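For reference, the chains in residue letters:
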Amino acid sequence: MISAHLLVLQVVLPLLAAPTCLVLARRPLPWLIAATVSWASFGIAILLLHRVLTFGTFSYELGGWAAPWGIEYRIDPLNALVLLIVAGISSVVVLFAKCSVEHELDPNKSHLFYSVWLLCLTGLLGIAATADAFNLFVFLEISSLSSYVLISLAQQRRALTAAFQYLIMGTIGATFLLIGIGLLYAMTGTLNMADLSQRIPAVSSTRTVAAAFVFITVGVGIKAAIFPLHYWLPNAYCHAPSAVTAFFAGTTTKVAVYVLLRFAFTVFGAEISLGQFLLNYFLLPLGIAAALIGSTVAIFQRNVKRMLGYSSVAQIGYMVIGIGIASSMGLSATVLHLFNHAVIKTALFLSLGCIFYRLGSVSLTDLAGVGRTMPWTMAAFVIGGFSVIGLPLTVGFISKWYLVLAALEKQWWGLVGVILVSSLLSIVYIWRVVEAAYFNAKPTANDTIGEAPASLLIPTWVLIAANIYFGVDTRLTVKLAELVSSTVLGVSPP
Amino acid sequence: MTPSIIATLCVLVPLIGAALIYAFGRHPNIREAATLVTAVTLFALVLSLLPDVMAGSQPFVILAQPLPTLTLALKVEPLGMLFALLASFLWLVTSVYSIGYMRGHDEPNQTRFYVYFAVAISATLGVAFAADMLTLFVFYEVLTLSTVPLVTHAGTNEAKRAGRIYLGLLLGTSLAILLPAIIWTWMVAGTLAFTAGGILSIASPMSIALLLTMYIFGIGKAAVMPFHRWLPAAMVAPTPVSALLHAVAVVKAGVFAIVKVTVYVFGLDLLADLGARQWLMYAAAFTVLAASLVALRKDNLKARLAYSTVSQLSYIVLGALLANPLATIGSGMHILMHGFGKITLFFCAGAIAVATHKTEISQMRGLGRRMPVTMTAFFIASLSIIGLPPTGGLWSKWYLALGTLEANETLLLGVLLLSSLLSLAYLLPIPVRAFFYKAADNGHSYSALEAPFPALLALVITSLGCLLLFFYPELSYQLMTRVTGRAS
Chain P
1 MISAHLLVLQ
11 VVLPLLAAPT
21 CLVLARRPLP
31 WLIAATVSWA
41 SFGIAILLLH
51 RVLTFGTFSY
61 ELGGWAAPWG
71 IEYRIDPLNA
81 LVLLIVAGIS
91 SVVVLFAKCS
101 VEHELDPNKS
111 HLFYSVWLLC
121 LTGLLGIAAT
131 ADAFNLFVFL
141 EISSLSSYVL
151 ISLAQQRRAL
161 TAAFQYLIMG
171 TIGATFLLIG
181 IGLLYAMTGT
191 LNMADLSQRI
201 PAVSSTRTVA
211 AAFVFITVGV
221 GIKAAIFPLH
231 YWLPNAYCHA
241 PSAVTAFFAG
251 TTTKVAVYVL
261 LRFAFTVFGA
271 EISLGQFLLN
281 YFLLPLGIAA
291 ALIGSTVAIF
301 QRNVKRMLGY
311 SSVAQIGYMV
321 IGIGIASSMG
331 LSATVLHLFN
341 HAVIKTALFL
351 SLGCIFYRLG
361 SVSLTDLAGV
371 GRTMPWTMAA
381 FVIGGFSVIG
391 LPLTVGFISK
401 WYLVLAALEK
411 QWWGLVGVIL
421 VSSLLSIVYI
431 WRVVEAAYFN
441 AKPTANDTIG
451 EAPASLLIPT
461 WVLIAANIYF
471 GVDTRLTVKL
481 AELVSSTVLG
491 VSPP
Chain F
1 MTPSIIATLC
11 VLVPLIGAAL
21 IYAFGRHPNI
31 REAATLVTAV
41 TLFALVLSLL
51 PDVMAGSQPF
61 VILAQPLPTL
71 TLALKVEPLG
81 MLFALLASFL
91 WLVTSVYSIG
101 YMRGHDEPNQ
111 TRFYVYFAVA
121 ISATLGVAFA
131 ADMLTLFVFY
141 EVLTLSTVPL
151 VTHAGTNEAK
161 RAGRIYLGLL
171 LGTSLAILLP
181 AIIWTWMVAG
191 TLAFTAGGIL
201 SIASPMSIAL
211 LLTMYIFGIG
221 KAAVMPFHRW
231 LPAAMVAPTP
241 VSALLHAVAV
251 VKAGVFAIVK
261 VTVYVFGLDL
271 LADLGARQWL
281 MYAAAFTVLA
291 ASLVALRKDN
301 LKARLAYSTV
311 SQLSYIVLGA
321 LLANPLATIG
331 SGMHILMHGF
341 GKITLFFCAG
351 AIAVATHKTE
361 ISQMRGLGRR
371 MPVTMTAFFI
381 ASLSIIGLPP
391 TGGLWSKWYL
401 ALGTLEANET
411 LLLGVLLLSS
421 LLSLAYLLPI
431 PVRAFFYKAA
441 DNGHSYSALE
451 APFPALLALV
461 ITSLGCLLLF
471 FYPELSYQLM
481 TRVTGRAS
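Taken in order, these protein sequences are the chains called P and F.
So in my numbering the end of the first sequence lands on 494, straight run, no missing numbers.
So in my numbering the end of the second sequence lands on 488, straight run, no missing numbers.
Chain F on its own, in the form it takes in the complex:
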């Protein structure tokens, strides 16, 4: 198989998986096997592309040509490779987790759940490998639509309301802001293909600045305030959805798109000369701090994690806007590091909910004795989010901080450090109280009561991932240096 065929298969395999899952809907065991086989196949396919990309080739394939001179095409480049590796690996882990969670929770309509999940992954891979802005937009919208049934899975009034916010904000921003930005880009540049060094030239700084603003806010999945409300709303979904889609696939598709736009549409050189990006950086910095402050005040664990995600996403936006190679490397690495950290936290939240039916942080005192493995994983992942050794989160923050110094933005460096302190304040008390406080309800000690084995296995894997990424961050660094063109 040539690499370009493999790239196409990466988008198709999850769809085939979705069809299989649907076909075996009445036989849960075969259905789950289909999910796992598809996930393993997908990860193997993505992995097989890695040597080519590391060697510097960029497999390219045209899927369709909807408009004259505009194509739907896939191109595997290093940044997309990083994202695809992350998404496909974590899908595999999440599939394992889902089996434990969905069965442990006795969720209805599981077949529908797995089908749309697979479709969403297909769209995520499409976003990762999109060769131009139109293709990215198409898969971006497919991702929005395929996740709506997952968000509204419960079918309750609350889910219905969340679905409205989710669809309204994501579809609204993309159609009303992002789409005209894309059409405008096409009109100005005559192409939408992602090209090293960018496709725009700085003819008029005003319109370039407006265009950049439209991209940053139009990509609603990046959750830059004031378009962040959909993410907390989406927390009504089952936890595996929150874990993979709303900590990794969907939100990362958003910031990934922003990094793509800054690197391949505007180009770092053009962006660095653009004075107006200062304001956008402050908007992102504001989101970083404000979301952290909101997270501090949330008692519901998933809500707190959601606002933490909003805050962390803006790190990546900030890094992309800093427009220097170091910050861009930091942004790319943060996609990976935050992905591992946040998915672990959500896995833990789900495990707690399945095992004890507790969703509020104030109820979780003393939980460390009942669920030692889960709470240890939670602790490790918290360290990674905060950016402390020995976890991978350190590296991405390191490069982001270097990026702010290189751009002489000491104020933004301060924001990053302050935000790290805030995340320390909203994350660490949870495992600390779990381990060192006594349970509030009564004094007698519990025996260990962990979540079902598949769920536990998944969260152990991802928390080990956080640790391993501290010792082996080279792969992501190597990929990102290929994106920025900086010699390693």
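Okay, chain P solo, but in the shape it has when bound:
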């Protein structure tokens, strides 16, 4: 009975829990609700993934209305993976949030925080689950609006500017997406993605559809922080509360990349988006620029959170390069990196959260001597750093292996060079942090600092362990990525 409705519960559960947090505002109830719901979503996501892998794609009709009229939720291997990422990251980070949020935020606002957190989770899960283009926009707005709030809840005043900047950019992006979806509706008379994909080829040569494609791509590009639309990301990551940064780093851009994949390969289809609109020819140079410029700019940052923000821009560049290669191997690399980068960056931002908890700062100068005072935290950061660089036995290595393989398959030596140069640059910025933490003498004022509490360290290390586990045992991730690129995205070389 319940199992038939699992798919909708995935979205409805956090949606209903969000206002509950407001009612049951006595601490620690809101956190308890958020944590329980997150873990329940995670459980559901695992069940859904299992079901997709055993029985194949399946869908759910909201309110019993059949597909073209009602809203349809549809799960295939791609969004099952995205649901798993979002729910999984939220579950781990919410454990971290309890201690961190109490410390960083006004305690009287914590029920608001968890309520908005759950809304954001709803939005992100909804984007992934739905098979209806307009419904996707609605969920995108839910997640965006709540993420502006989450950022602005930080106590530094600069968070407000960062949130405002993100709000402007995010709204432009969402509006573009809406315009694009509207144009498609005008041309085809449907909003269901499967329906759209059948009707678009008949009208694909019209200018309206071309305009829709451009609006959607640029709109999603802003949300995904694809270079040069990444401007909002480093600031937002830098000033948001630690837990929020970690949550966003693992989810929002990943979901946006998912939307890009979904529109390009399901709604428009590979033949139109690659063959006719030449999406790959636009994305490849952008991805290359992101990988090189993002990594280079990261080297010059003094604030480690901002540094990792630019590193994220570069890593998103890897995903974009994978799409730009436009081969089945390239898309496998993109999907793999979607998962792997979520695990890498969330782990890193969590370890920074531990440092912020003790030091109240994550600037390089303040990090002096942290290697001695917080050995476990810094060890986590170093391992996460190895993963960013792409050293073997970490997930970053697996991503890079596939990306380089995809480039070699096409004999694009220049691209291989770009990927490798970018990872060399990442050695530099990770090493700067290591030097600051282990070699620079600690200021005397920091004598009382100890290791972060276990409630922060355990979630951090859970993700670090995931970094290593999925770097050694890739059966799940590689199988999923290959399944996605062969069945869902169905790309053949143009």
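Hints were generated in silico from the structure; no laboratory data involved.
Among the clues, some could well be false.
[What the hints assert, rightly or not] Computed footprint of chain P on chain F, listed as stretches where at least three residues anywhere in the stretch have a Cβ under 8 Å from a Cβ of chain P: (1) 10–23; (2) 61–70; (3) 160–169.
As the structure is a prediction and not an experimental result, all values here were calculated from the model.
C-beta atoms are modelled at their ideal positions from N, C-alpha and C, and glycine is treated no differently.
Use these hints to put chain F onto chain P, whose structure you have.
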């Protein structure tokens, strides 16, 4: 225990040792005992594999499967056996030496030092027993990372700078050149397993030549110029690190990987037909001579030894590139012979530093009277590096020279001989001045003042090893003939 389990244990035992060392960090005596017990156990384990390998079996075990059709696996073959024997035996000796050195020098953070040392040895054994190129790469990177804290042990600005060069060059070359070479190999050959006779076929000589170039320069630990700077930089580390890691484990892991690649990935037959390897041989020959010349001009003893190592490593690269059985045998034997010789020299340098706080060669006149044992050992080891009897160094040079003749490379033979003369010029003056010159500062004679006993014991053992290898080189020769398939 089956041999494959023993092979796995060889990688695990040093890690267990590292955990023990960490656990007993507050009790130096128990901690050092843990190091010694681990080292003895490891050597016994490696030794117990020897009969199987001599009998021709190659124990194989799969550790993990990170990518479909790609495994992390161990396989004990003769060349790896030779390297593992060398590394595990010298770790035992170095552990003895370290105790004397680290205590004599009052080094801080000794527990950290021993822990990372053990991890590095584990990685070295992993490199030695790697069954395929991916496994070798994984352990190669672990070796780089685990030695960084050892290089930067002092924590000074100089150490920090050295750490940057070390990490930048080793990690940089391996990620930017070696990794794409491995992925490319996998794409072309469909496998990365080390196979007798090689896995590549000569479809297009251009790309094979490019691939070989990428391997030779991508394996930065082999220190072929221009990627050699990390080795002199690493000399800022405590002497036991320079001795074992930067004369034996790390650098030999590099040249070992190159020999593995030439024998088991390309295959000697394919390589012999490849015209482009000529240029790589000249690059190696250039490194041999240029590094010798630089060594001549270094007054700091450890720096001179480091450049000598750079030069000697390229002998092995050269031997591997000559691609005939004799030269390959020479390369394999040189891994062993140079290991014993160079570790002795570093032990001596450390002993001198501990006993007299002297690091510059110009200060070492007349030192033979104060440290007769140390300087005698230095003399023997110098002979071995130069390749003179009665030391083991003779044999490896002998086979390398035969290899150049077999390949009709008289020019390279000239390079080898010239380099031997150069090494004579930069090594022998040190013991000669120590014994026959008077100390510069004053005339009165010193009584003997040797380094602490454990350090002295270690350098006596390794210098005796240099002599013994002259009389008993068969084991290494037998192992290497099994690698090249040449009847003994």
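Status of each hint after checking the structure:
Interface restraint, the stretch 10–23 of chain F with chain P: violated (0 residues with C-beta to C-beta distance below 8 Å; minimum three). For the stretch 61–70 of chain F, the assignment as covered by chain P holds, since 5 residues bring a beta-carbon within under 8 Å of that chain's beta-carbons and 3 suffice. Given a C-beta distance limit of less than 8 Å, the hint that chain P covers the stretch 160–169 of chain F holds, as 5 residues qualify and 3 suffice.
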